[in-house]
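Novice: Residue numbers (the numbering used here), protein chains in the order written: chain A, 1 to 83; chain B, 1 to 578.
For the record, the hints were derived by calculation from the structure and aren't laboratory data.
This structure is a prediction, so every number in the text was calculated from the model and none was measured.
Idealized CB from N, CA, C, for every residue including glycine.
Some hints could be false.
Lysine-lysine pairs mimicking DSBU-like chemistry, simulated, CA-CA at most 30 Å apart [said to hold, decoys possible]:
(1) Lys3(A) x Lys480(B)
(2) Lys73(A) x Lys377(B)
(3) Lys73(A) x Lys343(B)
(4) Lys343(B) x Lys377(B)
(5) Lys277(B) x Lys3(A)
So the derived list for chain B, only partly shown, Cβ under 8 Å to chain A, looks like this [stated by the list, open to error]:
(6) Val85
(7) Ile157
(8) Gly211
(9) Ala291
(10) Tyr294
(11) Thr295
(12) Lys357
(13) Val567
Stretch by stretch, here's where chain A covers chain B in the computed footprint (C-beta under 8 Å, at least three residues) [to be verified]:
(14) 218–231
(15) 240–249
(16) 280–287
(17) 337–348
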Amino acid sequence: MSKHASYWSANLRLVVTCLVIWFVVSFGFGILLAEPLNAIRIGGYKLGFWFAQQGSIYTFVALIFFYAWRVNKLDQKFGVHED
Amino acid sequence: MDLQTLTYIVVGLTFALYIGIAIWARAKTTGDFYVAGKGVNPVLNGMATAADWMSAASFISMAGLIAFFGYGGAVFLMGWTGGYVLLAMLLAPYLRKYGKYTVPEFIGDRYYGRSARILAVICLIIASITYVIGQMKGIGVAFSRFLETDYDTGLYIGMGIVFIYAVMGGMKGITYTQIAQYCVLIFAYTVPAVFISMHLTGNPIPQIGLGSKMADGSGLYLLDKLDATLKDLGFGTYTDKVRLSTLNMFVYTMSLMIGTAGLPHVIMRFFTVPKVKDARSTAGWALVFIALLYTVAPAVGAMARMNLMDTIQPAPGQWLKVDQRPSWFRNWEKTGLLKFEDKNGDGRIQYVADKSKNEMIKVDRDIMVLANPEIAKLPNWVIALVVAGGLAAALSTAAGLLLAIASSISHDLLKGVFAPNISEKAELTASRIAMALSIAAAGYLGLHPPDFAAGTVALAFGLAASSIFPALMMGIFSKKMNKAGAMAGMLAGIGITLFYVFQHKGIFFVADWKYLQSWGTNWFLGIEPNAFGAIGAVVNFAVAFAVAKVTSAPPEHIQHMVEDIRVPAGAEPAVAAH
Numbered sequence: 001m002s003k004h005a006s007y008w009s010a011n012l013r014l015v016v017t018c019l020v021i022w023f024v025v026s027f028g029f030g031i032l033l034a035e036p037l038n039a040i041r042i043g044g045y046k047l048g049f050w051f052a053q054q055g056s057i058y059t060f061v062a063l064i065f066f067y068a069w070r071v072n073k074l075d076q077k078f079g080v081h082e083d
Numbered sequence: 001m002d003l004q005t006l007t008y009i010v011v012g013l014t015f016a017l018y019i020g021i022a023i024w025a026r027a028k029t030t031g032d033f034y035v036a037g038k039g040v041n042p043v044l045n046g047m048a049t050a051a052d053w054m055s056a057a058s059f060i061s062m063a064g065l066i067a068f069f070g071y072g073g074a075v076f077l078m079g080w081t082g083g084y085v086l087l088a089m090l091l092a093p094y095l096r097k098y099g100k101y102t103v104p105e106f107i108g109d110r111y112y113g114r115s116a117r118i119l120a121v122i123c124l125i126i127a128s129i130t131y132v133i134g135q136m137k138g139i140g141v142a143f144s145r146f147l148e149t150d151y152d153t154g155l156y157i158g159m160g161i162v163f164i165y166a167v168m169g170g171m172k173g174i175t176y177t178q179i180a181q182y183c184v185l186i187f188a189y190t191v192p193a194v195f196i197s198m199h200l201t202g203n204p205i206p207q208i209g210l211g212s213k214m215a216d217g218s219g220l221y222l223l224d225k226l227d228a229t230l231k232d233l234g235f236g237t238y239t240d241k242v243r244l245s246t247l248n249m250f251v252y253t254m255s256l257m258i259g260t261a262g263l264p265h266v267i268m269r270f271f272t273v274p275k276v277k278d279a280r281s282t283a284g285w286a287l288v289f290i291a292l293l294y295t296v297a298p299a300v301g302a303m304a305r306m307n308l309m310d311t312i313q314p315a316p317g318q319w320l321k322v323d324q325r326p327s328w329f330r331n332w333e334k335t336g337l338l339k340f341e342d343k344n345g346d347g348r349i350q351y352v353a354d355k356s357k358n359e360m361i362k363v364d365r366d367i368m369v370l371a372n373p374e375i376a377k378l379p380n381w382v383i384a385l386v387v388a389g390g391l392a393a394a395l396s397t398a399a400g401l402l403l404a405i406a407s408s409i410s411h412d413l414l415k416g417v418f419a420p421n422i423s424e425k426a427e428l429t430a431s432r433i434a435m436a437l438s439i440a441a442a443g444y445l446g447l448h449p450p451d452f453a454a455g456t457v458a459l460a461f462g463l464a465a466s467s468i469f470p471a472l473m474m475g476i477f478s479k480k481m482n483k484a485g486a487m488a489g490m491l492a493g494i495g496i497t498l499f500y501v502f503q504h505k506g507i508f509f510v511a512d513w514k515y516l517q518s519w520g521t522n523w524f525l526g527i528e529p530n531a532f533g534a535i536g537a538v539v540n541f542a543v544a545f546a547v548a549k550v551t552s553a554p555p556e557h558i559q560h561m562v563e564d565i566r567v568p569a570g571a572e573p574a575v576a577a578h
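Construct all of the structure, not just a fragment, from the sequences and the given hints.
Specialist: What follows is the structure in structure tokens.
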């Protein structure tokens, strides 16, 4: 495989990992599993409600910076970074 | 000092600041006009993107909708933030690497042809105009309250201000003004939230206050008390009230997320960063600044609902007396956005879920954020600040959208297709005329908006989700996607979404032009039109892949171009196509 092709498949693996987390916290915990999770409470928050209105947003922010950090490393590793 | 005078002063000062910056950085070349000369630092660009992004829908409308939707309001919270994850990973870095000015330009080159570019321009204009209608609703609400006039007059004044503002500036002006606007709007949003959270729960951080106990000595958690109050009056509990159905919420959230990643005025911002690397971090910074408001909004919504209920029913069974309506109540009545009717003639106002007994006959959701500080009896300067913040949010987004519309007409249609030899000066003039016409159209439709500001904006996202996002994503991730496939996909996606939306809301949102009324509402799996964009996107992808399979693969040089945009190395500054 060429350098570019292996860079691209490494990048795709990273993207898929991040998107799985993205899906689980929002569509999973915030919507599909909200009802069972609501049985658990942190303070006045029911957990499903917390993920839907707070937790998912914090996770999104962390995910983007995590992705940016990892993909910058990939850029370096495969030598496809900008000058 | 009375509220009216104070509001004039605060709004006047912030406007003077924006206009000052706009004049100071006035666009001189088309490059400046569209993308601000590409020298903007990721943190500042993230802040400007956040201001561009957070519109009247986020600032004025969203918390009000959450106040009435309860848990279901999460569709807006997750939808309008989660899209940045998609943007950062699936689109922004690659479009930056490609290095052109506009979204239709990329689509035209990737799908090798003018027809693809024109189709992208049409989709973009439909989505953007719908979005501007939502802004106009927000601006109309803010101005009508601030000038104490009716909604329509407020809207006309707002149109005039947006016109002056957007036509003068261009992107360079807009980028720096938007940084100032972000500061004004986030300050204006969080200050009252901190006061109210402190007052209700004793905790000054709204994100924590929302999950805390009431400070009234009852020992109840705020959310539990709200649940109990609303349940008693028949409204259903706050923390688990689903928006129509779980499926509808799922699709609604998805629609807003992919719409976020498909809206041209946001994508355009990623062309302005110096490097591919910066495109990724700009998306992260933008979301940090957006999350500041979006994590406060649920607290604002819940606490506004609590305060509203407490005002109308100060003690159980003791409803507000008609002749003791507080001044905020009377002021909002003047705008026509708040109405009551003493149906049972007992001289008190009952507010219950049962329509035949409910006497609060109109509570426009879009007034909640603006009215919230007044309801909570906060000092006048806080209320003035919120009006200024709402206008900052509405203006910055309206300007960014109008720029996207103007550039797609003057740059993509005129220069790109119909009059390639047009001079720079004529191109600028054409884009200013396009802006003026868009404002007039959106303002006219804003007189009878299809939904609350945030709902109207959600429709715009659905349209972008069903047309632009799939075309961009397939353009990057599928080398084999060809012109016929992408175009058929865009047509099918936006076509079916428009069909569903217009069937519910009327053709171009004119309520008299509805059709097929016998089919009823939300007839497709109980999904509301605002949420339909995700279905449109699925149709788009399916049609595109089916058509691409039976037509010839894209030419060799296009496949090379796709390989090239996938790696950051060799990125050059964005240039306009000539």
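Novice: State for each hint whether it applies.
Specialist: Results for each hint:
1. Lys3(A) x Lys480(B): Distance of about 21 Å is within 30 Å: holds.
2. Lys73(A) x Lys377(B): Roughly 52 Å between the alpha carbons, so the hint for Lys73(A) and Lys377(B) is violated.
3. Lys73(A) x Lys343(B): Judged against 30 Å, a Cα distance of about 68 Å means the pair is violated.
4. Lys343(B) x Lys377(B): With Cα atoms ~28 Å apart, Lys343(B) and Lys377(B) stay inside 30 Å; holds.
5. Lys277(B) x Lys3(A): 19 Å, holds
6. Val85: 5 Å, holds
7. Ile157: With a minimum Cβ separation of about 35 Å from chain A (threshold 8 Å), the hint on Ile157(B) is violated.
8. Gly211: 4 Å, holds
9. Ala291: For Ala291(B), the interface hint holds, since the closest Cβ of chain A sits about 5 Å away, which is under 8 Å.
10. Tyr294: Since chain A brings a Cβ to about 6 Å from Tyr294(B), closer than 8 Å, the hint holds.
11. Thr295: 6 Å, holds
12. Lys357: 29 Å, violated
13. Val567: Where the cut-off is 8 Å and the nearest Cβ of chain A is about 4 Å from Val567(B), the hint holds.
14. 218–231: holds (count 4)
15. 240–249: It holds: at least three residues are needed, and the stretch 240–249 of chain B offers 3 whose Cβ sits within less than 8 Å of chain A.
16. 280–287: holds (count 5)
17. 337–348: violated (count 0)
Checked against the numbered hints given earlier, this structure breaks hints 2, 3, 7, 12 and 17; the rest are met.
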